[in-house]
Amino acid sequence: MIDFTPFILSFKLAFIVTLILLIIGIPYAWFLSNTKSKIKPLLETITSLPIVLPPSVLGFYLLVFLSPDSFLGGIIYKLFNIKLVFSFPGLVVASVIYSFPFMVQPLQSGFESINKNIIEASYLSGKGKMKTLFKVILPNIKPALLTAIVITFAHTIGEFGVVLMVGGSIPGKTEVASVAIYDYVENLDYHSAHIYSAILLVISFLVLFIVYFINHKQRKKYDIY
Amino acid sequence: MIFIDISKKLSNIDLKVNLNIKKGEFLAITGESGSGKTTLLRIIAGLEKSDGIIKVEDKIWQDNKFFLPPQKREIGFVFQDYALFPNMSVLENLLYVNNDKNLAKKLLEMSEIYDLKDRYPHTLSGGQKQRVAIARALMRKPKILLLDEPFSALDERIKEILEDKLFMFHKEFNLTTIMVTHSFSEIYKLADNMIELKKGKIISFKNKKELLNQELLIRGVVIETLDNIAIISVGNRFVKIRNENLKKGDRVILSPTSYKLKGVNENIIS
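Protein chains in written order, with the numbering used here: chain A, 1 to 225; chain B, 1 to 270.
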């Protein structure tokens with residue numbers, strides 16, 4: 001009988017991380033797409049770092065900075081009694097940082113491609129910024145929004161190095177699907193590794209296919225980007 | 001009455017405009033590219049900030065301390081590129097502004113596009129899109145209608161129809177209309193008054209009588225030259241002019257009363 005706990009944990013992690021990143025990512029990407037500030041290249045560099053950094057480097061620094069002995073980790077431990085290493089909340093924090101560019105970059109290019117006149121047309125229709133965001137801006141970057149959500153979700157499911165370093169492999173707590181496969185292979189249980197890998201492969205394929213399929217249809221229907 | 005006394009530093013010019021516009025007036029703003037026409041319109045709409053005062057009737061829209069955001073100004077704005085919301089049907093575009101279904105129906109019927117109410121913007125022609133954009137601008141029941149070169153991308157035939165529609169709306173809703181335009185025909189046909197901007201300053205102000213008393217001008221483009229004869233397209237009409245200096249593609253200004261050449265490439269030479 002297959003133990004689905006690692007999958008449930010992976011999905012729970014991906015869901016929470018995607019939700020958090022949506023809330024942070026939309027205003028941040030909007031800021032990046034509109035700012036003429038000199039620090040924009042610096043912010044874009046920091047945002048993109050997790051794409052190029054080896055996960056072990058990111059994992060190492062997170063381990064250092066999030067540990068209860070560190071300044072930041074210590075404050076969080078004292079204030080909320082939450083340990084951010086080898087725990088599920090730690091995985092969430094690490095994944096939010098690691099998946100950040102996957103949410104921000106599609107949103108930013110979506111925001112940059114939108115015709116600024118339609119935003120002004122909404123203001124001139126008497127609508128405020130929030131209504132404009134939800135009724136005009138986001139619906140008109142639906143493909144970018146969908147791409148950002150799904151790629152963030154899928155990337156969080158697929159991450160390995162960072163979660164292993166920050167979370168370890170505690171069954172039921174931090175042992176997500178990708179880590180479980182590593183454990184099976186280490187224990188020479190190729191049968192279970194095959195099943196887990198196949199499930200992840202199929203899910204990843206389906207998720208991406210659905211995104212590209214829907215985006216293709218949306219672009220055709222509304223002529224949007 | 002609209003009182004405007006504003007200034008704004010732009011990258012290449014200093015825009016400085018002092019202007020009174022009467023209620024119900026149709027004002028055309030013209031001038032060469034980069035003269036500040038569109039910026040002036042955007043300042044009136046509240047899309048750009050500037051120094052100075054804008055007062056509409058007794059209400060201050062902006063002064064040195066106060067700035068009324070575009071959401072609160074009673075204006076309709078029509079963009080050159082229509083700026084319809086691509087994710088909404090024609091009817092939804094109108095109802096987004098104001099959920100008054102009767103007004104939306106009335107405006108779409110007056111614009112003769114009620115049949116298109118369920119279509120999405122990308123399925124419409126340029127002329128149809130601009131009809132929707134004008135109807136949408138009127139959904140706010142504005143006192144002032146601002147238009148930024150609304151017909152410049154449309155062909156002559158459609159342009160003529162839409163000019164008539166615009167004039168009908170201007171009268172029917174008792175609007176004060178301010179339109180940026182390059183087209184002499186729009187100015188002669190629609191405007192009560194016209195101002196011309198150059199490098200951010202008003203260089204001429206003409207009322208309807210002065211506009212129509214002057215030599216009427218129209219724009220054209222040289223489509224071919226044969227020997228010393230230039231064939232010039234004016235809207236969808238053609239004129240032949242004997243002139244050896246013209247080249248294919250030259251933009252010219254003509255006087256239709258004489259059809260004598262008045263200028264080449266926008267610069268009047270005689």
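Any given hint could be a false lead.
Below, in silico cross-link-like pairs of lysine to aspartate or glutamate (EDC-like), each with a Cα-Cα straight-line distance of 20 angstroms or less [unchecked claim]:
| id | chain 1 | residue 1 | chain 2 | residue 2 |
| --- | --- | --- | --- | --- |
| 1 | A | Lys127 | B | Glu172 |
| 2 | B | Lys105 | B | Glu172 |
| 3 | A | Lys217 | B | Glu25 |
| 4 | A | Lys131 | B | Glu25 |
| 5 | B | Lys165 | B | Glu25 |
| 6 | B | Lys201 | B | Glu74 |
These are computed hints drawn from the structure, not numbers from a lab.
Quick caveat, the model's predicted, so the values are computed rather than measured.
Looking at the structure, which of the earlier hints fail to hold? 1, 3, 4, 6
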